[in-house]
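A.B. asks: Based on the hints, put chain B in the right spot on chain A.
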Amino acid sequence: MMPDKFNDRLQAEAIRHIQENEAYAELALREPARTSGQGLEQHVLDRARQMGESVALGARLQKTAEAAKKVAFAATALLFCLGALAARQAFDGAQQGSVNFFWLLLALLGVNTLMLALWAGGMALASRKAKTGMLGQTLEWAVAYWMSKLGGKNSADAAAAQAWFAVMNAGAVGRWNLSRLSHALWLSYLLGGSTMILLMLAARQYDFIWETTILSESSFQTLTQALAALPQWFGFSAPTPEQIAASRIGGSPANAEAARQAWSGLLLGGMLTYGIIPRLLLLAASWIAYGRARSAFRLNLARPYYVRLKQKLIPATRVLGVVDADEDDRPQADPEPQQAQEETPPTQSYWLGVELDSAHMAAGDGVSEAFNLGNVLDREGQHAALQRALALKQTPLVLAVSLQRSPDRGLKRFLAQLTEGRKSLTWLELCETAGYFNQDQQGRDIRICDWHQLAAECGIEPQRVAHRVIGTHSEGEMKHG
Amino acid sequence: MDNATPSKARAGIGGDPISVAVVGHTNAGKTSLMRTLLRDLKFGVISNHPGATRHVEAGQILVNETPVITLFDTPGLEDSIELLEALEKLRPGQDNGLGRLRAFIQDLDRYPQFSQEAKVIRQLLQDELIFYVVDVREPVLGKYRDELKVLSFAARPVIPVLNFIAAPRSNLAQWREHLAALNLHAQVEFDTVAFNFEDEKRLYQKMQALMAARYDDLQQLIEERQKQWESQMDSAAQRIAALWTDVASFRLMTANEEAEIQTAAERMQEQVRKAESDCVADLLQIFRFADEDVTVAALPVRDGEWELDLFDPDNMKRMGVEAGSGAAAGAAVGVGVDLMAGGVTLGAAAALGALAGVVWQTGRRYREDLTAAIRKQRKLCVDESTLKVLWLRQQYLFEALQKRGHASQQPMALADGGSPELPGDWSRWLRKARGNPEWSSLRPGCDLDDQERVAFIKTIGSNLPGVLVKS
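So the protein lines, in turn, are chains A and B. With the numbering used here applied, the first sequence covers 590 to 1070. With the numbering used here applied, the second sequence covers 36 to 506.
Simulated from the structure, these hints should not be mistaken for laboratory data. Be aware that a few hints might be false.
Using C-beta positions, here's what the derived DEER-type ranges look like [claimed, not checked]:
(1) B/Arg204 / A/Gly1010: 35 to 41 Å
(2) B/Ala248 / A/Gly1010: 53 to 59 Å
(3) A/Val912 / B/Ala248: 21 to 27 Å
(4) B/Ala229 / A/Lys982: 48 to 54 Å
(5) B/Thr298 / A/Leu812: 54 to 60 Å
(6) A/Gly1048 / B/Ser150: 21 to 27 Å
(7) A/Leu975 / B/Gln255: 52 to 58 Å
By construction, the Cβ of each residue, glycine as well, lies at the ideal position given by its N, Cα and C atoms.
Only chain A is shown next, with the shape it has when bound in the complex (with noise of 0.2 Å):
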């Protein structure tokens, strides 16, 4: 065999084979660290040399093709006994030693031809279907049975038989391997039965007649010369009208000598030419067409199993981890949330937007202008807004925070900075857009907690923090809870 690929695939589908069989879960077969080679195909036959070596399953499928062919061989030898035994059977239903031509081809070529036929129609009908049924099975038996023998039940030995078959015996190599075999097998059958024939002929004399009761003389004229056609073509003698007619039940030609030589001469050459010769033809187009089959076997790698391996084989991210690490350790903790009674502000209140979407902008409304300091959006803002916060000293203000934003250290930082010495006259309102966090309630706690320790951070005191939601259907305080 040419050193090609196939085994190499073979023993990754193996090896698939096994892994996705659950019967052979106890089968250790180590994932290797690290797999070489160009494209996926390489990697993937690399993985399964280096995972089959652990179990030696390329010894295994070795086996087991040696098993497979000892058995083909037994067959074949087996099928050209019954070859000869179905010859002998049909020469001895002869009486007193005369042979019904046609009923002895029948019996001798009707079943190949009829099997053949059957053959050919399977395959041209379903060359797409993979399997060829009772052969394949019986083999696959035979040999599975052979195995698990040796080694028991969901051994190395039986897995690696079942994984061979499975490949063996389907797609393309599958059919033509098989063919190869029926056609292996008929061919000896009638190799079996040209040779007790021969041997039949050569040492006992027959003669060889033929029968009808509604069928005239005439067709079996033109039905023993159609016949004749072509082995006449490979120089087989055939009997002539004369001998033909003659040769009817009950006749007797006039050379008798000649007439059983013209007969004989068209049996075996039927045999040869409708039997032998096209069984040998297609063997040796089976074989041809079975080595392609091999060479052009290819993993399907769009299986799931394949795709997986893939991501595992050929990883198409990496992780590489942290490069510039964060030295001070901050434990981040979540921050509890907090329970109070919300203390309101003072009405006489200034009220300072900081970073509020232009929706939020009403939740300063019921201010009057003159304590309405606006919305902070801007570094300018936050000087301005400092600079007035400076300025008011003692009166209370009200921060207007949207619980959109995420508290940042930019916020808490202007929020310090506003609340610094007037820590005990401010108020934190979160602005809540309604529906904006439905998807998301879990995100929402954790936003308010986080709101409220800023708030803590500030020295705003936690009964100071209010919550509103501001929207079109739940208009209006909806405390936090």
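C.D. replies: Frame of chain A; chain B shown alone:
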């Protein structure tokens, strides 16, 4: 610190990977972007608390085992207003943006509050490209404008990555306008929650536009990712189609007695359940959701199993499938009698087929039909309603897995109400599957590689949403 100059000459893949700093305000979704691009649900720390990421953590995107892009996830910029003020106050020797950033890094001791920002700035100086992640639900506030100013000091190409575009309240237009005013036209819409492969492709294409020298590397990456995505979709679709085929063509023969039918039906259910959970496991693996990720992603599956049993009648209600009739007498829910084969059973074709079945696998079903008729057996199969539920469930999971970024943290909402949409060819498929019991891998001796079966599965698979019908 700044030893990597962006214009370093490189020759194709095999050269240094393109280094990209992923920066943005705290909670904008930087780590989410990393997770999605790296297809790694466990990368970094994601939390609703500000400042979840404190280290700079890196990941690489590879093509054929060669890194093409190195992404650096940075801590969020939290106080850009003060940072910019500090940078502006610096009087470096080299009076430009880069000079300021370098001077800032050299004089870090003066700014203990900026340890986090310092890491970002170090990355800005080291990396060739910047992804600026924007939460477009936010208004264009002064602090964000200041962040962009700080970024502009680094004199690196910036690709604004607009995150959360699928959110109902977004300020996308304002962001676009502001970014355009800063000459940042190479914006990419990229929702890390509602993942869309085309967006990812566009991100790489913008990189190509900004880094002409690395065009070919990036092209290779785009092609590779495209291929990967397609093969992922294809193999997931094939997997679902194979499951459906296995179950739809599954058939069990049983004696026509109630007790026997019941046992056989239960056995059948068990096999179908297992087949479905195998399929779920495969789908999760194909889309690289590890078992523990499933919980994170809140898919309606747990430990590789759907939360609701396939044969639970609730499923039909939930998915709007009408309960089917023709259940086998005495059989468990979800199992019916195969009525299709009734007409064929005694035909001449069946007799011929049965004969052929002795030799060819193809004829096996006729042989079975004949035996069944002679022995007066019942033929059990999975009923149509259950098949519909099975199909719709996998389709739902398939869509969910495609669309969900690896950063998604919200639970998936089960689509309820509305009538389920089944493919137009549904009944034809069903007939075909029922007529080919040898296609079911749930019974022994099935040839998975049977070309007709494979072709059938391909046809079915191509009807799943998101799968392009090829040729």
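A.B. asks: Please flag the earlier hints that this structure goes against, numbers listed from lowest up.
C.D. replies: none
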